[in-house]
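Undergrad: Each chain is listed here by its residues.
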Amino acid sequence: MSEYILEAVDVSKSFHGRRGETTQALTGVDFGVAAGEMVGLVGESGSGKTTLTRILLGIEQPTSGTVRFRGTPRDRFTAEHRRDYFNSVSAVFQNPYSSLNPRRRLWDIITERRSIERRAPKAERRARAIELLSLVSLPAEYADRFPHQLSGGQRQRVAIARGLCEDPDVIVLDEPMSALDVSVSAQIANLLLDLQEKFSIGYIFVAHDMHMVRHLCHRVAVLLKGQIVEQGAVADVLGNPRHEYTRRLVAASELRSLEPEEERVHP
Amino acid sequence: MLEISNLTTHYFQGGQVATAVRGVSLTLNKGLATAIVGESGSGKSTVAMSVMRMIRPPIGDIAEGTIRVNGTDVTAASPKRMREILRTSIGFVPQDPTTALDPLYTIRSQIVEAMPHVERNKRTETIVELLTSLGIADARDRLREHPHQFSGGMRQRVAIAIALAKEPDLLIADEPTTALDVTTQIGILRLLDRLRRERHLTTMFITHDIRVARLVCQDVAVMYGGVVVESGPLSAVVEAPSHPYTQALLDASSLDVGPRQRLRAISGSPPTLLSMPSGCPFAPRCPNATDICRSEMPATTRKADGSSFACWNPVAS
Ligand SMILES: Nc1ncnc2c1ncn2[C@@H]1O[C@H](COP(=O)(O)OP(=O)(O)O)[C@@H](O)[C@H]1O
Ligand SMILES: Nc1ncnc2c1ncn2[C@@H]1O[C@H](COP(=O)(O)OP(=O)(O)O)[C@@H](O)[C@H]1O
Ligand code: SF4
Ligand SMILES: [Mg+2]
Ligand SMILES: [Mg+2]
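Protein chains in written order, with full-length UniProt numbering: chain A, 1 to 267; chain B, 1 to 317.
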C-alpha cells in the first residue's frame, strides 16, 4: 500500500466539445501526496494542472483510472469514507477576488463546510471562524466583514482559513499566489509553512512559477500536455532537469536574463 | 521625453477627496525603460493614468503639477490636443489584454483603427509585418480572427500591436505580464526589450515584481503610499538601496534563505488612502523608523551614483 493520503492512479481525462472534438486533458497520470508533504504540480497553462486537481477533489470524474483516498479507491467508498474524504480534503483557488462569495460575511464563508455537513449552530460556527482567523493572522473583528473590504492578500488568508475549517489532511492550492504581489506571496508562503509545521497537512501546490516551487516543495511533478514528464525530489528535478521542457520552465522562472536560449516561433 | 514634476492626483470617493499620488517628480529618458515598482495600492497606475489624462471628474482630478510629453504639458492641454497626443504619441498596454480588445471586431479592424497615418493599400502589409515581428506566426491568416481565438499570451501580443501601430514615442505598459504564465511572460519581456532598442521607444514599465524590472529596465522609481521613495539608475538602486522600502522589496523577493526557511516578508500591509500616515508613509512597517519619521515627510537626498531617496534613516551601506 502506498503512503499517499490522496492519489491519482493512472488517471486519464478527455473532454468532449460541442462540435464533436475531444481534448485529451490528462493521460495516464500517477500522482499523490503524503502527510506533511508539499508536492508541486507545474506546467504551462493548458497542461492539465487544474483538471488533475479537480479530479483529486472529486469535482470532476476521470475518464479512466482512479482516485484513492487513504488507500481506498473512490468507487469503493462507504458513507463513512465519503464523509472522511469530504472533511479531510480541501482547496484554495487562484483568484481571491472571485472565490469568495461577496454577499456573505467572513465567518459564514470560512465555516461554510460546517453548515453543509452538520448544520452546525451559528454560535459554534462563529467561534470556529475566530479561531481560524487567528491561525491565518487576521484579527477577530474581521469575522463580520465582507470580502470587498479586504486586500487581495487578506482574501487569500480567508480562503486558507476556509480550507482549514475541518482540520484537513490535504489542501489543494491551485496557483494561490499568482494573483498576488511578490511581497504578499512571501507572507502567504510563510503562512503555509507555519500551518504545515503545526498540523502536518499534505499540500498539493499548483504553480507555473518554479521559483516558489523550488523554495517550498519537497517533490515536484512536471505536466506537459496532460502527461507527467518528470517527477521526483525538487533538488533533482529542478536542479538537474532531464526534460527540455522542464529546463525551459526553470529558466523562465529564474528571471536571470532575457537571452533567448533559442528563438521560438509562437503557435 | 516624459517629465513629470510635482504631480498630485486625487480620487473623489463618496464626497471625500483621497490623494493617491503626492508630489511625484519623475523623468523618463528617451529610449530607455523606466520601471515603476511598488506593492499594489502604491499609486503606480494612477501615475500612468494621469499621464494619459484618464483621471477626470467625477472620478478624480490632477490637483497639481505638470506632465510634459515631448515638451507639451498634458495637464494644460485642451481635450482636442489631448486626443491628438493619445492618438499619435502614447501607446498603452494594460495588464489584462481583454480590456484593450473588443470581442466583436476582428484583429485587423482593431489595429487599423490605430494607424490612420498609413495609406489604405499598405495597411494589411504593415499589420502583417507588425504582427510577425511581434512573434505571431501566420499573421496573414489570423487577421480576420476575433480576440477569443487567441491564447492569453497572443492576445497580449495583439494588444502590444495596437499600442505600437501608431508608432508612439512613449509606451506605457501597466503590469503587462502579471496575468501570464512564466514562459509566456519571458517572451513578452524579450519582445518589449527588443522593441525599445529597435524603435528607441521610451517605456514606462509598471510592475510589483522588482525581479521583472531588473530584466527590462534601465531606470527605476520605487513608489509607496503615493510618493516616489527612491529612484535613479536601476543597477545603482538595486545594488545599493538606501530606502528601507526598496531593501524590503528586494528581501521579500529573494529566496536565498534556504529551502523552506521563512522568507523575509514585509510585515503588515500598505496604507489605504483614507488611513495615510502623516510623515513618512512607510513608518508603520519600517524597521528604521524614529519619531521624526512619524511627523515629517522625509527630504530627498541625491547620491553620487545618480540615484536619490527620501528617508530620514537610510539603510546603512
Ligand atoms: N470543462 C472543460 N471542457 C473542455 N475542455 C477543458 C475543460 N477543462 C479543461 N479543458 C481543457 O483541458 C486542458 C487542460 O486544462 P487545465 O487543466 O485547465 O490546464 P492548466 O490548469 O494547466 O492551465 C486544456 O486544453 C483545457 O482547454
Ligand atoms: N477610481 C478610484 N477611486 C478611488 N480610489 C482609487 C481609484 N483607483 C485607485 N484608487 C486608490 O488609489 C490608490 C492607488 O491606486 P493605484 O494607482 O491603482 O495603485 P497601484 O497601481 O500601485 O496598485 C489605492 O489606494 C487605490 O485604492
Ligand atoms: S523616513 Fe523613517 S520611516 Fe520612512 S523609510 Fe526612512 S527610516 Fe523608515
Ligand atoms: Mg489552471
Ligand atoms: Mg496598478
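FYI, nobody ran anything at the bench for these hints, they're computed from the structure. Check the hints yourself; a few may be wrong.
What the hints assert, rightly or not - Some chain A residues close to chain B (C-beta under 10 Å, calculated; not the full set):
no.: 1; residue: Ala34
no.: 2; residue: Ala35
no.: 3; residue: Met38
no.: 4; residue: Ser45
no.: 5; residue: Ser98
no.: 6; residue: Ser99
no.: 7; residue: Asn101
no.: 8; residue: Val184
no.: 9; residue: Gln187
no.: 10; residue: Asp194
no.: 11; residue: Leu195
no.: 12; residue: Lys198
no.: 13; residue: Glu254
Stated by the list, open to error - Cβ pair distances, simulated, as ranges:
no.: 14; chain 1: B; residue 1: Pro277; chain 2: A; residue 2: Ala127; range: 33 to 41 Å
no.: 15; chain 1: B; residue 1: Ala18; chain 2: A; residue 2: Arg70; range: 50 to 58 Å
no.: 16; chain 1: B; residue 1: Pro287; chain 2: A; residue 2: Ala140; range: 23 to 31 Å
no.: 17; chain 1: A; residue 1: Glu21; chain 2: B; residue 2: Arg81; range: 49 to 57 Å
no.: 18; chain 1: A; residue 1: Ala127; chain 2: B; residue 2: Val257; range: 33 to 41 Å
no.: 19; chain 1: B; residue 1: His148; chain 2: A; residue 2: Glu117; range: 17 to 25 Å
no.: 20; chain 1: A; residue 1: Ala235; chain 2: B; residue 2: Pro79; range: 57 to 65 Å
no.: 21; chain 1: B; residue 1: Ala316; chain 2: A; residue 2: Glu141; range: 33 to 41 Å
Built from N, CA and C at the ideal position, the CB exists for glycine as well.
Undergrad: Verify the interface restraint on Met38/A: the C-beta must sit less than 10 Å from at least one C-beta of chain B.
TA: Holds, about 8 Å.
Undergrad: Do the beta carbons of Ala127/A and Val257/B sit within 33 to 41 Å of each other?
TA: holds, 36 Å
Undergrad: Is 50 to 58 Å a correct range for the gap between the Cβ atoms of Ala18/B and Arg70/A?
TA: holds, 53 Å
Undergrad: Please check whether Glu254/A passes as an interface residue: C-beta within 10 Å of a C-beta belonging to chain B.
TA: Holds: closest Cβ of chain B sits about 9 Å from Glu254/A, inside 10 Å.
Undergrad: Close enough to count: is the Cβ of Asn101/A nearer than 10 Å to one in chain B?
TA: violated, 23 Å
Undergrad: Close enough to count: is the Cβ of Gln187/A nearer than 10 Å to one in chain B?
TA: With a closest approach of 4 Å, the Gln187/A hint holds.
Undergrad: Is the hint on Ser99/A kept, meaning its closest Cβ partner in chain B is under 10 Å away?
TA: violated, 16 Å
Undergrad: Could you check if Ala34/A really has its C-beta closer than 10 Å to a C-beta on chain B?
TA: Check failed: Cβ of Ala34/A comes no nearer than 16 Å to chain B, outside 10 Å.
Undergrad: Hey, does the Ser45/A contact hint survive, CB to chain B under 10 Å?
TA: With a minimum Cβ separation of about 5 Å from chain B (threshold 10 Å), the hint on Ser45/A holds.
Undergrad: Lying within 49 to 57 Å: is that true of the beta-carbon distance Glu21/A to Arg81/B?
TA: holds, 52 Å
Undergrad: Cβ-Cβ distance between Pro287/B and Ala140/A: within 23 to 31 Å?
TA: holds, 27 Å
Undergrad: Less than 10 Å between beta-carbons is the criterion; does Asp194/A satisfy it with respect to chain B?
TA: Holds - the Cβ of Asp194/A comes within 10 Å of chain B, reaching about 8 Å at its closest.
Checked against the numbered hints given earlier, the structure breaks hints 1, 2, 5, 6, 7, 11, 12 and 19 and satisfies all the rest.
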